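Asks: One letter stands for each residue in the lines below.
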Amino acid sequence: MSSLTTSMAQHLIKSVKVFLRFCRRQDDMEKDDPLWQPLTGAAERSFSAVEDLKSENETRISPKIIAQPTRGLVDEKIYIRVSNLIPNKKFTLRCLLQSEDKDLWHAYGHYISDDIGVVNVAEDVCLGGSYTGKEPNGLIWSLKPVPGSRPALRLRKQNVFIPFLLNISVHNGHINDDFKDACSLALTVMERWYIAPGVSRIEVRENGIHGTLFLPPGPGPVPGILDLWGGGGGLVEYRAALLASHGYASLALEYISTGKKSTSLNNVDLKYFEAALHFLKSHPKVSNEQIGVFGLSFGTSVALNIAANQNRISPKCLVCISGSHSVKIDGSLADVFADIEINTGKSKIDENNHVIWREFNLPRLADPSNKVKVGNIKCPLLLIAGDDDQNWIAVESAKDMENMMKAAGNEHLLTTIIYPKAGHLIEPPYSPHIRFSNYIILGEKQKVVMLWGGQTKEHSFAQEDSWEKILDFLYLHLYSSSSKL
Amino acid sequence: MDEPFQLEVACLPPHCPVTLRSTLCSEGNDLWESFSHYVSDERGRVNVSKDDSLGGSYIGCEPMGLLWSLRLAVGGRQNIRLRKKNMQTPLVVDISLFDGHTIDNFNTQTALAMTTMERWYMAPGVRRIEVRENGVVGTLFIPPGPGPFPALLDVWGLAGFMEHRAALLASRGYACLALAYINHPELQLGSGMGISYFQESWKLLQSVPQVSADRLGLLGSCFGAAIFILMASELPDISPRCLVAINSPSGLLNPGEGNYLEKLQRLLPETKLDANGHFMIKDAILAFGIDLERSLQAGGIQCPVLLIVGEDDQCVPSLESAQKLEAQMRAVGKGHLVTKLSYPEAGHLIEPPYHPVMRSSSFILPGQTVTLLWGGVGKPHAAAQEDSWRRILEFLDKHL
Numbered sequence: 001m002s003s004l005t006t007s008m009a010q011h012l013i014k015s016v017k018v019f020l021r022f023c024r025r026q027d028d029m030e031k032d033d034p035l036w037q038p039l040t041g042a043a044e045r046s047f048s049a050v051e052d053l054k055s056e057n058e059t060r061i062s063p064k065i066i067a068q069p070t071r072g073l074v075d076e077k078i079y080i081r082v083s084n085l086i087p088n089k090k091f092t093l094r095c096l097l098q099s100e101d102k103d104l105w106h107a108y109g110h111y112i113s114d115d116i117g118v119v120n121v122a123e124d125v126c127l128g129g130s131y132t133g134k135e136p137n138g139l140i141w142s143l144k145p146v147p148g149s150r151p152a153l154r155l156r157k158q159n160v161f162i163p164f165l166l167n168i169s170v171h172n173g174h175i176n177d178d179f180k181d182a183c184s185l186a187l188t189v190m191e192r193w194y195i196a197p198g199v200s201r202i203e204v205r206e207n208g209i210h211g212t213l214f215l216p217p218g219p220g221p222v223p224g225i226l227d228l229w230g231g232g233g234g235l236v237e238y239r240a241a242l243l244a245s246h247g248y249a250s251l252a253l254e255y256i257s258t259g260k261k262s263t264s265l266n267n268v269d270l271k272y273f274e275a276a277l278h279f280l281k282s283h284p285k286v287s288n289e290q291i292g293v294f295g296l297s298f299g300t301s302v303a304l305n306i307a308a309n310q311n312r313i314s315p316k317c318l319v320c321i322s323g324s325h326s327v328k329i330d331g332s333l334a335d336v337f338a339d340i341e342i343n344t345g346k347s348k349i350d351e352n353n354h355v356i357w358r359e360f361n362l363p364r365l366a367d368p369s370n371k372v373k374v375g376n377i378k379c380p381l382l383l384i385a386g387d388d389d390q391n392w393i394a395v396e397s398a399k400d401m402e403n404m405m406k407a408a409g410n411e412h413l414l415t416t417i418i419y420p421k422a423g424h425l426i427e428p429p430y431s432p433h434i435r436f437s438n439y440i441i442l443g444e445k446q447k448v449v450m451l452w453g454g455q456t457k458e459h460s461f462a463q464e465d466s467w468e469k470i471l472d473f474l475y476l477h478l479y480s481s482s483s484k485l
Numbered sequence: 001m002d003e004p005f006q007l008e009v010a011c012l013p014p015h016c017p018v019t020l021r022s023t024l025c026s027e028g029n030d031l032w033e034s035f036s037h038y039v040s041d042e043r044g045r046v047n048v049s050k051d052d053s054l055g056g057s058y059i060g061c062e063p064m065g066l067l068w069s070l071r072l073a074v075g076g077r078q079n080i081r082l083r084k085k086n087m088q089t090p091l092v093v094d095i096s097l098f099d100g101h102t103i104d105n106f107n108t109q110t111a112l113a114m115t116t117m118e119r120w121y122m123a124p125g126v127r128r129i130e131v132r133e134n135g136v137v138g139t140l141f142i143p144p145g146p147g148p149f150p151a152l153l154d155v156w157g158l159a160g161f162m163e164h165r166a167a168l169l170a171s172r173g174y175a176c177l178a179l180a181y182i183n184h185p186e187l188q189l190g191s192g193m194g195i196s197y198f199q200e201s202w203k204l205l206q207s208v209p210q211v212s213a214d215r216l217g218l219l220g221s222c223f224g225a226a227i228f229i230l231m232a233s234e235l236p237d238i239s240p241r242c243l244v245a246i247n248s249p250s251g252l253l254n255p256g257e258g259n260y261l262e263k264l265q266r267l268l269p270e271t272k273l274d275a276n277g278h279f280m281i282k283d284a285i286l287a288f289g290i291d292l293e294r295s296l297q298a299g300g301i302q303c304p305v306l307l308i309v310g311e312d313d314q315c316v317p318s319l320e321s322a323q324k325l326e327a328q329m330r331a332v333g334k335g336h337l338v339t340k341l342s343y344p345e346a347g348h349l350i351e352p353p354y355h356p357v358m359r360s361s362s363f364i365l366p367g368q369t370v371t372l373l374w375g376g377v378g379k380p381h382a383a384a385q386e387d388s389w390r391r392i393l394e395f396l397d398k399h400l
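Chains as they are written, first to last, in the working numbering: chain A, 1 to 485; chain B, 1 to 400.
Quick caveat, the hints were computed from the structure, so don't treat them as lab data.
Quick caveat: nothing in here was measured; it's all calculated off a predicted structure.
Wrong hints could be hidden among the right ones.
Derived lysine-lysine pairs resembling DSS-like cross-links, with alpha carbons at most 27 Å apart [said to hold, decoys possible]:
no.	chain 1	residue 1	chain 2	residue 2
1	A	Lys77	B	Lys50
2	B	Lys85	B	Lys379
3	B	Lys398	A	Lys89
Extracted from the complex, chain B is given alone in its bound form (with noise of 0.2 Å):
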């Protein structure tokens, strides 16, 4: 799913205006879509690795955007994100090409050629163990091979559990866990809440037999990166050999123990809405947060940490959160630990690369399913989600 594609078109007349157009069915059964325009050149070809869209979802030389620009088509459900459950089977993608420039009604038009693509989270020879031991919840990926192998704890944030990230990871030579700790089903009511519950989780991962039980590292988003920021930080026990945080509300918002949905929900009321009637959750949290008593000291951190920003971040005040936590550990001498990397216009959800970008999508609550505001923008989010993965990649490889 983190490789590129190359794409090319033969065969058509010279200085021929095309579309292509790339489809895909999610597993609930939404069609998403994305086109772009182009023009064959004297030889007849398209290469859309070098060649510009002239329009459509994306313009300009964009080798992957028949990806990330992918989006829920008119006329079906919308605002949902793209979530892919079983890891053992490909997303499928088509690509059309189509005469002229279109736009809409493809539908109706035959169109001149097609082909397959898969895309897939899991490379052969990984092994996907589903975890219900001593009260954890979550699924384990291990790389093929007898091991030892450095591994991960992976989480996401409010919106639940997913194994995407981790199946990917694991690809990539990492044992991963994704860990569940809330909406899960199968998650015993309070257990999934308490730091109890995180430690359990860790020595589990580390007792795995596959498992180099001394390179263990962190990796989450969100909600789930200030978990983590707060275990890495305040736990003797929890001791990663390095951090990565993708757009963490912890230097100003302390997850502590509880409810984290309900602390949610209380937000809302002070949250503002944006011209679409999103929420933007950002200044909620900010306004929270200002009491400096309640938010988390990152000091105690002793390993590498890499902090992932997305400046539009309209969930969370993710580049403030940034700061505080470099600030707080450079004040105990461990500012050459902390690398940020702050992407201009990327959002909150910042996926694995060629990720359809979503600027705001539907989020459920206990009781009410609102519209929640991510921020990003086309190409400069995708392009963070590219660039993000590679040095998180690297920074993986060099402290695992």
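With the rest of the complex left out, here is chain A (with noise of 0.2 Å):
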């Protein structure tokens, strides 16, 4: 007898385990993939490694590794459990992935096997490697590049339609960093994806718009995101993909031009972005009241200059990673990089000739002109920094914003957190935590390398805590408040 008005109509389903698609099988890998392991030689190999597994009665027999979910997406926590292993003994276990660009990251960690030869990650202490203590998850967040990788690597996902690949291997031993003569006494495979089943991508060339869509299962309506990357540019997809896996319609877009392609994306100003909301709000199966907008880095300054702005979309809530109020866009934002530009030659260069951008920009703060009338924001806003942003001044900016919005009486719409010891590039959980990396200064076309700052161990932590409370925030402010009825 309930009949359920359009406004009440925004319905969740939670499928919390879900198995995605597109197993890629074993027999489809080249021979010389590092991860291929043909039927007779890495048998042969192994039986020299497992004949010290030998015990009195029992003939060899291999240990056995649960490493749980076997697809999950990449936000879901790990479970690894290796058994059958001679007890009391020294083992390493190992996460080994390929990235689309063939470069091989992995992990390791340092365990005894207890009585019963059972190594459980969840309840154990690591007693060295890439991480130590009782991380469950340590060994999908502390992947780093392979000894002997090309420098300065970032891992990002390209395209989210194929999962990566997560190696999880147990070998004799405590080894240190050189796996290569190290032949795994056993080996499973865990899928980790950006998208869950049912999520489908649409590419938007509309209206003057650059980005791609993706949209959850069903016929709607669900809230909507505008997600925002920063200055590196490009058309970065993988964060809108995990949020439509979390319902949301997201909606990737691109604004800076990376120069690959023919798109005269370099000369945007507000109303583009305005466009994109509106893209978004009258989508059919995007609801047009409940769109949020998501940034990071420069991506932050668009959204709030977005949500100040006196115009006719106002989001309803904001979520803002490590970026600042400082940076006003009254024009085209190529006025804007040209005004940041002016500056860069002021950046330092540390020791191993890493780029620090943090403090050429402090000086902002102290003229109100440049910055953003935080005051004027009208709806929920989540801040997000880490203190050892060596590339924004975001905790200065948060400071700031928060006297801001006191003096205006808005500060009770604002929620930061700082994060000890995290970096810049606070990225949904497990991206493996890089201090520096390979980026391309758009204006000056010049190739460096930048420093971005955080510890391993705390920037993972943002990262994981940061995501569960964006995912909270924006499960309250864009789907719980609209069905109160």
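Each of the two chains sits in its own frame; use the hints to bring them together as a complex.
Replies: Structural data, given as structure tokens:
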């Protein structure tokens, strides 16, 4: 007897355990693929390693690795348990992944099996390696390029329809970083996906907008999110795909061209973002009211400008990571970048030749004309920053924003979380932390190594914790608040 | 496929009646569906793992009901088992939410929301290798890694060759050879029937480099199980570490050599039909087996045996056979090796967990297609699939 009105017709089904598509057959892999284990070769090699697993009565048997979930989203926690090991002996657990650029990343931990020959990563203490202590997810958040890799790499997913394949292996003894001659006693594979089954990907090239829309399955309407990355430019899709997997129609928007394609995106102004918001709102599967904006780095500045501007489209909430309000967008972005670049010559170089941008924008905070009038923001705002951010003045900006909003009387809308020892690139959970990486400064077409900051363990905690808080925040303001009677 | 899922609905008004519907499109393009009725709680939520279904394809608290109660949709083909041939792709299940308590005409209504779930038989990294060697026809599934692994030979009954259970077992750490011995186009005529064929497949499995040659087990359903029991009992070169037999007629039927399907066809005139015109083979086999000389002697088995019995099995006299087999082994002092799991109201087709429960389905014999009654009632049969699988994995873990 209940009929649901359209405003209440936003429903979410959360399917917690889902398995995703396209298992890549090991048979299809190339023979020189380091992850390939040929049927005979590896077996013969491993027999000698397994020899000393023989105890008196039992013949050789492989240790068994249970790694769950076998197929999961990248933000899901993992569970790894190894059994059938010789009790009370040293073993190394290793996680190996090959990026789409063919670089190898790995993480490893030193353990000692218990009295029944079991290592349980969730409960046991790791004695060394890429991480130490009791770290259930250590094998994924501490991933780093293997020795001998190209320098200054960053792991980013390009094609969200192919998962990351994590090879989890166990080895005798405590091995340090060099696994070239270490054959595994056992191996299993986990798939990590940025996109859940049923989510669809739609290229958006209309009204001058350049982006990719990810839609959750179902008739909708669902809340929408405009997803903005930073000054590195290009079209980065993986976070939007992940947000769609959590029930939000998410538009990953390109607003800075990296010059690889012939798009003329380097001259956009706020109207461009307004068009993107309008596109989202008017999509038949997207709610026309429950729209949020999610920004990182320069994307945060854009988000703050949109929200503070008295334009027609005001978002329902904002998530702002590692950014600053000290970048006011009045005209085109090209002008804004020019304004910033006047100062890049003042950026520091550290002893490793890494570029530090952190300080040179500090003076902007002193000048009100540089700053977005955050006192005009009318929606809840979640501000996230790391205090070891070497790229932007995120922490100082957060404090200044708080002061401005207190003065304007809207500080009740603000939630600030500062993570100690976290750096600039606060990404979705378990993205490997990198303290620096290759970066192209677009205006100058110059390739540098940019220092982002952060200490791996604390930064990884920040990613894990902030994501949970972000999802709760988005749910509160875009889903449940709408269904109140 | 054997892992449970959690399903929650949120952001509903409180105390709102809704219908959850699951649909699946099989490889044969048949639509399977199931639906259930819930009422949201005071926070506007439905949690399928905790809440009771008030009606539909199942009632009560059934976390996995939306899978095992799937049935062929009205208007399409009927009486066909759900079979997946391609192990490299998942079964895709869509779950939709509808307003109110609906029982039909879902296609004319707009769903409020929807989500999609993939169910896989094969874990990432598991290798699938088609085997055509020395006349042996089958598919080998090997877990990822160098091994060596314990191994299993897996067979089904007279319905023919299926890979899904072997794929699942490999996903659980066992190198598993799904063996074809009947109804397979590549089987050389006659070669699938002799005992030497099974001996050959045993030797082949032992010779796989990733297999630990002295940790082999046998796992079979129905007729296949009877063949395995014969092998384990009578052939000295076949020494499994353990044996699992699901609804085997072995205590009363000697598979012997020869054309099994013809034997089955000869049983048909003596077979009773139930009220729906479905064949109940069981009584015919029972009558057939009263001649004790012909029944299989299992006393030669040296290894632990796990017998899974559906007490409502209408196809083979599973309970009677299991009791007979246990008695035979007890008679030679090996009763302690036998574990019998008997499930009331479970039928013949005890599949891996969450498989749709089918009480009868069509069966192809030479020259005719009939509908066989398998037996089994919804929830108890589904529970039997879930419990027996858990017990099978524990049994294999212990002995292999």
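Asks: All hints, please: hold or fail.
Replies: Hint-by-hint comparison with the structure:
1. Lys77(A) / Lys50(B): 23 Å, holds
2. Lys85(B) / Lys379(B): Roughly 26 Å between the alpha carbons, so the hint for Lys85(B) and Lys379(B) holds.
3. Lys398(B) / Lys89(A): 22 Å, holds
The structure shown violates none of the earlier numbered hints.
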